[in-house]
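Q: With chain A's structure known, arrange chain B on it following the hints.
Chain residues, written in single-letter form:
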Amino acid sequence: MAGKIEKWYPGEGKLTTGKAVLYILLVLGLIAACARMFLGLGATTNLNDAYPWGLWISFDVLSGVALAAGGFTMTAAIYIFNLKKFEPLLRPAKLSAFVGYLVFVVGLFFDLGQPWRIWHPMIMWNPHSVLFEVSWCVMLYTTVLAIELFIIGLERYGQESWIKFFRQIYLFLVVAGVMLSTLHQSSLGALFLLMPQKMSDLWATQAIGPLFFASAVIGGMSVITLESLIASRVYRRPPEIGILSDLGKGLGIALLIYFAMKVTDLYARGTAVWVWDKPHFFFFVELFGTVALPALLLSFPEIRRTEKGLYWTSGLAAFGVVLNRFNVSLTGYIGYRQFGYFPSAVEIIITAALVAMAILIFDLGMRYLPIHPVGEGALGKEAGGSP
Amino acid sequence: MSKAILIDTTKCIGCRACQVACKSWNDLKGGEATFSETWSNPRFLSSNQYTRIVFREIPRSDGRLEWHFISRRCMHCLDPACVSACPVAALVKLPSGPVVYDDERCIGCRYCMMACPFQIPKFQWESAVPLVRKCTFCADRQAMGLAPACSTTCPTGTLLFGERAELLTEAHRRLGLEPKKYYPQVYGEKMAGGTSKLYLTPLSFEELGLTQVGFRTDLGDAPQGLRGREWMSKVPLVAVAVGGLAVGLYYFNQRRAAIEAEEPKED
Chain A
1 MAGKIEKWYP
11 GEGKLTTGKA
21 VLYILLVLGL
31 IAACARMFLG
41 LGATTNLNDA
51 YPWGLWISFD
61 VLSGVALAAG
71 GFTMTAAIYI
81 FNLKKFEPLL
91 RPAKLSAFVG
101 YLVFVVGLFF
111 DLGQPWRIWH
121 PMIMWNPHSV
131 LFEVSWCVML
141 YTTVLAIELF
151 IIGLERYGQE
161 SWIKFFRQIY
171 LFLVVAGVML
181 STLHQSSLGA
191 LFLLMPQKMS
201 DLWATQAIGP
211 LFFASAVIGG
221 MSVITLESLI
231 ASRVYRRPPE
241 IGILSDLGKG
251 LGIALLIYFA
261 MKVTDLYARG
271 TAVWVWDKPH
281 FFFFVELFGT
291 VALPALLLSF
301 PEIRRTEKGL
311 YWTSGLAAFG
321 VVLNRFNVSL
331 TGYIGYRQFG
341 YFPSAVEIII
351 TAALVAMAIL
361 IFDLGMRYLP
371 IHPVGEGALG
381 KEAGGSP
Chain B
1 MSKAILIDTT
11 KCIGCRACQV
21 ACKSWNDLKG
31 GEATFSETWS
41 NPRFLSSNQY
51 TRIVFREIPR
61 SDGRLEWHFI
71 SRRCMHCLDP
81 ACVSACPVAA
91 LVKLPSGPVV
101 YDDERCIGCR
111 YCMMACPFQI
121 PKFQWESAVP
131 LVRKCTFCAD
141 RQAMGLAPAC
151 STTCPTGTLL
161 FGERAELLTE
171 AHRRLGLEPK
181 KYYPQVYGEK
191 MAGGTSKLYL
201 TPLSFEELGL
211 TQVGFRTDLG
221 DAPQGLRGRE
231 WMSKVPLVAV
241 AVGGLAVGLY
251 YFNQRRAAIE
261 AEEPKED
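Quick note, the sequences are listed as chains A and B, same order.
So that you can map any letter, position 342 of the first sequence is 342 in the numbering used here, and since no number is skipped, the others follow by simple counting.
So that you can map any letter, position 26 of the second sequence is 26 in the numbering used here, and since no number is skipped, the others follow by simple counting.
Derived from the structure by calculation, the hints contain no laboratory data.
Hints may contain errors.
As the list claims (entries may be wrong) - Cut-off 20 Å, straight-line C-alpha distance, at most; resulting in silico cross-link-like pairs (DMTMM-like, lysine to aspartate or glutamate):
(1) A:K198 <-> B:E206
(2) B:K29 <-> A:D49
(3) B:K181 <-> B:E206
(4) A:K84 <-> B:E260
To be verified - Derived contacts from chain B toward chain A, CB cut-off under 10 Å, selection only:
(5) S46
(6) P87
(7) A90
(8) R110
(9) P117
(10) Q119
(11) V129
(12) L226
(13) W231
(14) V240
(15) V242
(16) A246
(17) Y250
(18) N253
Yeah, the Cβ is synthetic: ideal placement off N, Cα and C, and Gly gets one too.
So here's chain A without its partners, still in its complex pose (with noise of 0.2 Å):
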């Protein structure tokens, strides 16, 4: 029972170069966090009272839940819009989804100036606030997503009670997934609401919520293509092209509206759009270079059936959500002018070490769950797959 799932991947039990770069980013960052907890944010980090939240609430918290779109986005395609080709994808989606909420819970806990008061948001209510509803949204889809992890976990040890009882509620955990997703992923827009006067007219509008939401889709359809294809890739697999062209191609439907949501914001509510200066440099590459060239490149047949068109195509897709989010709450912000914002050391070391670890686990993941074989979810085997 305690061997692994597969027991052919290249390096097994080797520490390769890669992997070392990933355990050294890891104890940097222990370290760094360390610094971070006893030392306190002012010490550590380059906040301050004008740029109160930096680089952890840009990429951890931001960005992070966006690119982990991909396990909503991937349960709504197969058991809601019932898309049953896209299943190989699901549970990898589902494993980089949770690792990505654990990125965003872990990098929260360190950005927060009480850690120890996370838990404060369930029995201290402001049902007034965003970050509230946001909070609460988060934590009860972490949960959807460990018990979906957990499911997977039984599989491996062949519990079939367990999960005969697990199928049967398995419905409400996708639709309570798909529900909870909408809410945070357009909500971690709607704290922006607030605070139109402090950011550049380009980001500040009334369609935020929508607009985190449309965008939240395509990072996790790009990051579940990229993750797809490096799997394969590390692993030794053939690329799954075919499934995989069919998802660029829903990208790129999903990009094209994103645009078209874009253009009809900035127009509706005429903000000026052919200046340059800086923010006008970022708005550019965002909506140019990461929203409407992969639109554009994808609709070419030719090009989103190679793993090269795939990489760039879903590489830029993903790298303009990133970008997105630091435009809405960083480069797009304006406290005071006086004052300039550019992350410490530790902060950044903090970040990379979360990626590390978010590629470690979902490394194990692969190589300890039944991941990858026979994808199919529990409502799929109920349907026919083999078990």
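A: Relative to the frame of chain A, chain B by itself:
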């Protein structure tokens, strides 16, 4: 009834007694004085500095310089953005006027600092267990029936403490009495839903160069927190709609797949 302070900057002589009184009452450490481009000292509000006077030298039309002293502190909005933002309700607007903060609830997320349009809540960055700090409108003194420390100390009557409605009447009386002395607005009367600090100034806030230090003039009359609350009011509806749609689509698509699977057999 809601209390307020009417700050008539034409009366201020820049003695900074309010800063000292604030520090004594709230038991805040004294800071080291530093040189800066103005006479303002300290240069910024912080978790150790709830109020300060902004010094401004403005050239008059005859070429001579004129001094202006503007007291800066929490505006104690009638409908505060920070109260709407805080996920754990650590910030509360009291019916008597002050916006107060509960040390025991705060998780240190700093969303209040992001949300406040006036850049008021400050963080104890130097501490390993930091909390948010800002002017309390001397809620503790008010509970004892006393006026805030700053306005008690003020030797010129710049910081007039009283009922907000009465102070507004007084402000408009002064504007009507000496229209040449004042810029014709009461800053804080309606802006961002109204504030409990009301300002009378001889020049506009733009002319005084105050928009760069946290006094915004582009907020409009709607409270900042309103948009967040509007969003939150839609959340239950969206939750039910998305949940219902998901369940509906699931059964619809299952049924469709089942029918599609049967059809070829019938042919």
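Q: Would you pick out the hints that fail for this structure and give their numbers low to high?
A: Structure breaks no hint.
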